[in-house]
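Colleague: Here the protein sequences come in this chain order: A and B.
All residue numbers for the first sequence refer to this note's numbering, where the first residue is 54 and numbers rise by one.
All residue numbers for the second sequence refer to this note's numbering, where the first residue is 1093 and numbers rise by one.
All the pointers check out, no bait thrown in.
In silico lysine-lysine, DSSO-like type, Cα no more than 30 Å apart, as pairs: (1) B:K1112 <-> B:K1179; (2) A:K218 <-> B:K1159; (3) B:K1179 <-> A:K218; (4) B:K1179 <-> B:K1159; (5) B:K1112 <-> B:K1242; (6) B:K1179 <-> B:K1319; (7) B:K1242 <-> A:K218; (8) B:K1242 <-> B:K1159; (9) B:K1112 <-> B:K1319; (10) B:K1179 <-> B:K1242; (11) B:K1112 <-> A:K218; (12) B:K1159 <-> B:K1112.
I should point out that these hints are in silico values taken from the structure, not numbers from a laboratory.
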Amino acid sequence: MLDDFFIRAMIAGIGVALTAGPLGCFVVWRRMAYFGDTMAHSALLGVALSLFFQINLLIAVFGVAVLVSLLLLGLQRRQSLSADALLGILSHSALAIGLVLVAFMTWVRIDLIAFLFGDILAVTPTDIALIWVGGALVVAALVFLWRPLIASTVSEDLAEAEGMKPAQARLFFMLLMALVIAIAMKIVGIMLITSLLIIPAATARRFSASPEIMAVLASVIGALAVIGGLFGSLHYDTPSGPSIVVAALLLFILSLLPAAGKNTAEKADNKGVR
Amino acid sequence: MQMTERGSNARSDDRLVTLKAAGIRRDGRWLVRGVDFSIARGEVVTLIGPNGAGKSTTAKMAIGVLKADEGSVTRAAGLRVGYVPQKLAIDWTMPLSVRRLMRLTGPLTDTELMAALTATGIPHLIDSEVRHLSGGEFQRALLARAIARKPDLMVLDEPVQGVDFAGESALYELIRTIRNSTGCGILMISHDLHMVMAGTDTVICLNGHICCRGTPETVSQSPDYLKLFGNTRSLAVYSHNHDHTHLPDGRVMHGDGSITDHCHPDDGHHHPEEHHRHDGHDHTHHDHSHDHSHHHGDHAHVNGDKRA
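Chain A extracted, bound-state conformation:
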């Protein structure tokens, strides 16, 4: 009883999850969860602008996300306010301005809920192509930038001293974030994008012995969450975006359980050695 729209949703969702996994790891390692949230919230502003100027939605969202992140970096450099407060201001005002602009445009009727919480069941074949091509670009760029990104995550100074160009890596990383937000928006919605970045990465942490393993595992766990969430949403007739996030959360909670068992095993081992 798998309908066409359901299979399309599945393919699109898995594509987004595979891309979000490694990127989400960096968001967690670099403590940029709130930063990602801010970029995601600014996406609504992008939606409003795309409607107003009748430009491609993806390009508008990507552009606004990039602008907001550059603005944020500029403001942080001035150090007049803490990064935390700046993010709070920018995050919610970007969302609010987006909502206000959409309300002004009385001539367009858009489904706000679909943008805020995702409308994965309405993905078109074009969307799927965009997600997979965009996702492949992001993953390829991550592979290419992997060593500088990891090195500058450990220490920007060290990376700079040893020729890894951390500033360049940071800039590329932000472009990749903006791209992922633009392609993931349709799947889980603006409000929930960061959860798809962070929760699978956090779940993968406990089973990973290296950054590389964690990145791959985060992709796999994200894909499992998409599959679980979509089947759940079909079965219980719940909204698909939130269902995917709930499935990711359930996987995260599950990952905590065996970890407790692993710790006691380690303790027993230590006793044996002593």
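We have chain A already, so just place chain B on it with the hints.
Modeller: Coordinates of chain B only, in the frame set by chain A:
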């Protein structure tokens, strides 16, 4: 690449980094200013100075992590740097083993990797997670990482912080050996001239600007140095012989080369008559004698008058 004629006498060609009247300003305040020095191949330059003197800032300026707001900094083309920063905060959510840390900024063969870890005394920690290391073990891992890169210039910002006293002198010894065998230049930061003196060619005493400079002997007797550090910690270049060495894994290597799990005064490895030869110096001598007393299986080091 300026790699020709390693160890030649053409000093100007040997310069890895040259700073001329360089300074860094932040928020209208000069952190350091008027810094003038260069590091040649095979030279060990040590920056000393009180807290906030701008030692780390100067080192970062020398390797280009910070851009000089004034003056100039020139580096040899293709200069390969190995850097041990003063602070490194790794988020524990990143799973990072020592093995992975070693390959942070470039590929290494397993042999190179193992050799560097063995040199710094932590080959047994190769697969440990970095966040489980002690402060001293972490410093050894960072130093090993910098060494394994085979750099032209090593920049070591307090490389032995958190390392125990015996390990400290061993690591300084290692740094000296690396300089001698590879001919790399070394820029070292320390606030303990006492420890680094024997292996340093040039000491630069920094306090927002260069107060004095010269060989360790000159600096230690210069009025500027004494004003900054006082005369309380008098200096002596000394060497001493341990009749045994504590290995990082807890075992003990004795003077005769044998390795045991513990060390006892009457286990036949100790030769009291060989103890402690001191270099003759006309200023303060340190009576640095080790006496091991054993109680209930654990042992305590009683360092006789370490700081005079």
